[in-house]
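*Asks:* For reference, the chains in residue letters:
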Amino acid sequence: MSLETVKQGDSCRVIKINGRFDFSCHSAFREAYSGSPTGTEFIVDMAEASYMDSAALGMLLLLREHVQQQGGKVTITNCRGQTYDVLQIANFHRLFKIVQ
Amino acid sequence: MAETDAKHLREALREYEAVVHSATSMIRSDLERARTMVRDATARLSRSFDALHAAAASQRAALLNVSTAFFDPEHGNRSFASSTEALMRQFVDEVVRVSRDSVRIIDQLAELSTQVSGIVVSADAIDGLARETRFIAFNARIETHRAGDAGRTFKVVADEVKRLANASATLSNQIRQNVSECNTHLAQVHKTSAGLASHDLSRAIESHRGLSVAIGKLDAVNQELDTMLETVATSVGEAVRALQFEDMVTQILNASVARVERLGEYSVRALQILERAPVGERAAPMTELVQEMRSLGERIAVQQATVDQGTVELF
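Respectively, the protein sequence lines represent chains A and B. Per this note's numbering, the very first residue in the first sequence carries number 427; after that it's consecutive. Per this note's numbering, the very first residue in the second sequence carries number 2; after that it's consecutive.
Hints listed in this document are in silico derivations from the structure and should not be mistaken for laboratory results. Honestly, I wouldn't trust all of these hints.
Examples of chain B residues toward chain A, derived with CB under 7 angstroms [unchecked claim]:
| no. | residue |
| --- | --- |
| 1 | Val104 |
| 2 | Thr115 |
| 3 | Ala166 |
| 4 | Leu202 |
| 5 | Ala205 |
| 6 | Glu207 |
All residues carry an ideal CB built from backbone N, CA and C; glycine is no exception.
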């Protein structure tokens, strides 16, 4: 796995997931959003993600909580295959804006 | 000669009449048997179709019960398909909730770890203080030597200060050791929580997919059976309607009996003309009789029973 955060302007951060999105991403993922300014918009880009497990779902939920406290929003983009199925079975469509 | 011939003719005509009579009653009896056979066969067929109809209806009812248990939305969570689906959702929700809380615990462990590192810094500071204190005690001891007897009391104080400095160093070591043990436990909790957080959801996805496929297949079977049972019902209805031929056959047989009886009557009348009318006056009544007999050659009109009489209420 690897994780890359790209800032787009002052109020948008793109978190790009490469390979397996699991517990090994935990510290990097937390770092990607902690200390972000109020109202930051997050885009979690799954284009290069090949797999995700329940730990990844847990991390996404904590990001959502962070955003709810700080204001802002989260969008999950480019989901396909296994990652899309996992988000689907966990009913994340009710909680996040998900773009295939 | 003519009398003998007339006598023979009379005998022949009587015999002819007897044969015609016997043949017509034989034909009547045969037709009656045929009518009975048709009636019995029709009754049996009718009963068979009724039984088939009833069996198809109860089969459909049984299948409806099964499909209701699987699909009926009115049964809500009690239906097999929806309760399995709900259970699976609940399971996945629970797994995700545990994962989120485990990740949260790990985040809090990171905070805790930072705090614990602070304790180590404090222990290092205590060590520094102990070193300085020990140095002061050492210096004080040198001074008491110089002071001789006057410094004897102060030497006790210097020794006590040294003892306290050593005690501080021991304490800070103890703290460092405790922190080290604490870190070991934190690492263990971290590992356990990471394990709790990480679950592969592939099997849940497969099961969910399998359930959807099973529901789809059952639905298809259900629809197929519906169509099939409707076809059976229609066919039974057609068959029951077709059994109305009994009525038509009975009409034809009745008409045949009447025709045979009339043929017998005409024969008797022809014999009477031949026997009683004087020679030379037979042609006219015989021609008249033949004219009358022509109606025997007409086709019998059969009334077809109305469709309503043959309609069977299916299901």
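*Asks:* Against each hint, give a clear statement of whether it holds in the structure.
*Replies:* Structure-based check of each hint:
With its C-beta approaching chain A no nearer than about 4 angstroms, Val104 of chain B sits inside the 7 angstroms limit, and its interface hint holds. A hinted interface residue such as Thr115 of chain B counts as satisfied when its beta carbon comes closer than 7 angstroms to some beta carbon of chain A; here the least separation is about 13 angstroms, so the hint is violated. A cut of 7 angstroms between beta carbons decides the hint on Ala166 of chain B: the least distance to chain A is about 41 angstroms, and the hint is violated. For Leu202 of chain B, the shortest C-beta to C-beta distance to chain A is roughly 5 angstroms, which falls under 7 angstroms, so the interface hint holds.
Interface restraint check for Ala205 of chain B: the shortest CB-CB distance to chain A comes to about 6 angstroms, inside 7 angstroms, so the restraint holds. For Glu207 of chain B, the shortest C-beta to C-beta distance to chain A is roughly 9 angstroms, which exceeds 7 angstroms, and the interface hint is violated.
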